[in-house]
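Undergrad: Sequence:
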Amino acid sequence: MNLHLSTKTTKLNAAIAISGSKSESNRLLVLQQLIEGLAIENISDSDDSKYLQKALNSVEQFIDIGHAGTAMRFLTAYFSVKEGRDVLLTGSERMQNRPIEILVKALQDLGANISYVDKVGYPPIRIKGTKLTKNFVQIKGNVSSQYISALMLIASSLPNGLEIELLGEITSVPYINMTLVLLQELGIDTVFLGNKINVKPFERSISKKIIVESDWSSVSYFYSMIALSEIGSKIRLSSYKKESLQGDSCLAEIYTHFGVETVFKETSILIKKTNVISSEVENSHLKLDLKNAPDIAQTIAVTCFGLGASCLLTGLHTLKIKETDRLIALENELTKLGASISVTNDSLILEKSTKINSNIKIETYKDHRMAMAFAPLALKTNISILDANVVTKSYRNFWKDLQQIGFQIDAN
Numbered sequence: 012m013n014l015h016l017s018t019k020t021t022k023l024n025a026a027i028a029i030s031g032s033k034s035e036s037n038r039l040l041v042l043q044q045l046i047e048g049l050a051i052e053n054i055s056d057s058d059d060s061k062y063l064q065k066a067l068n069s070v071e072q073f074i075d076i077g078h079a080g081t082a083m084r085f086l087t088a089y090f091s092v093k094e095g096r097d098v099l100l101t102g103s104e105r106m107q108n109r110p111i112e113i114l115v116k117a118l119q120d121l122g123a124n125i126s127y128v129d130k131v132g133y134p135p136i137r138i139k140g141t142k143l144t145k146n147f148v149q150i151k152g153n154v155s156s157q158y159i160s161a162l163m164l165i166a167s168s169l170p171n172g173l174e175i176e177l178l179g180e181i182t183s184v185p186y187i188n189m190t191l192v193l194l195q196e197l198g199i200d201t202v203f204l205g206n207k208i209n210v211k212p213f214e215r216s217i218s219k220k221i222i223v224e225s226d227w228s229s230v231s232y233f234y235s236m237i238a239l240s241e242i243g244s245k246i247r248l249s250s251y252k253k254e255s256l257q258g259d260s261c262l263a264e265i266y267t268h269f270g271v272e273t274v275f276k277e278t279s280i281l282i283k284k285t286n287v288i289s290s291e292v293e294n295s296h297l298k299l300d301l302k303n304a305p306d307i308a309q310t311i312a313v314t315c316f317g318l319g320a321s322c323l324l325t326g327l328h329t330l331k332i333k334e335t336d337r338l339i340a341l342e343n344e345l346t347k348l349g350a351s352i353s354v355t356n357d358s359l360i361l362e363k364s365t366k367i368n369s370n371i372k373i374e375t376y377k378d379h380r381m382a383m384a385f386a387p388l389a390l391k392t393n394i395s396i397l398d399a400n401v402v403t404k405s406y407r408n409f410w411k412d413l414q415q416i417g418f419q420i421d422a423n
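The opening position of the sequence shown corresponds to residue 12 in our numbering, with each subsequent residue numbered one higher.
The set of hints was computed from the structure by calculation and includes no laboratory data.
This one's a predicted model, so the numbers in the text were calculated from it and none came from an experiment.
A couple of the hints might just be wrong.
Dumping the calculated BS3-like pairs for lysine-lysine here, alpha-carbon to alpha-carbon at most 30 Å [said to hold, decoys possible]:
| id | residue 1 | residue 2 |
| --- | --- | --- |
| 1 | 93 | 65 |
| 2 | 377 | 19 |
| 3 | 298 | 61 |
| 4 | 347 | 411 |
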């Protein structure tokens, strides 16, 4: 499905409810299988979470998780400790070209029985569940935090717990901390000190309900819309809290550069355009290290372009192994719109631009975040989003919510 986007007004006023955090939901869904008595509310309605739920409840040997990268990482660890299970875990063509070797090697070091079906280092993989008695493993700290979280999620189910030593620089720390806090909320003893994570064994059943906070990555697109709109625009979003576990909650601070204020209510946030862009953004490069929140890089780059601002975004090395190479994809599509942009393996430089080309068709590269990051530009120019259904991977109602705000959306 291809969609053409336009707007009749640039002054926004709306209220939107966003489903639960994909990151929190997926961690809790795995823990729910390992710990009896855990109830979860406001689970993400994303494709990723639905694929994960289906796989966790499946008794079949062949399990296909499509594009769901988080599900691939978490299930690789989960099925490794499910004694008696023998599964072949696979995914889409893109998933079969996303590396899994670092996680597989760590699990094999613990005694897991995992083998590659086709290409070494990549899915599909064959997993025969077994009892893992070793309690120490090493893994690089600058790889996807999902590898590390996958190990942490199964750690309390191991008879001797687990100590994880992170080698080198540690990135995406907020996502590691998210996993730690969720474990602690369930009563599991954890320690993260220096470069070592310790998770103690936990065999008790519990009686606990956790309400998942709404997804901060999803709200990033509304921050972009407010930044690109008129002063006085506002959108209320639920359900959010000030003390969030999600690293992408740094949006509230980052978007002050673009004149966006965040007001925290009891169970929601109000974001409003109160000012023009800051002098820092107007007069020089906006410099941001996004190693702890790489998923919002696309949104920020598009926001800067829409405001005619320049930026230097670093800490983006994990974007190379997402649904697509997001750095190359950003370079391709922003260039079509008239941007002067260059990328490296871990950074992006966008120069100031005063012109935005109209009626450009944005390729999404089977990447949900490409579709949603570029959509706010409809406040500046007519734009088309190709293969727009990709948004269901993380945000099923995205286009419906844009219509509620006042975007004109037509299939073409």
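Undergrad: All hints are to be evaluated individually against the structure, with a verdict given for each.
TA: Verification of the supplied hints:
no., hint, verdict
1, 93 with 65, "16 Å, holds"
2, 377 with 19, "29 Å, holds"
3, 298 with 61, "36 Å, violated"
4, 347 with 411, "27 Å, holds"
In terms of the numbered hints stated before, the structure departs from hint 3 and from no other.
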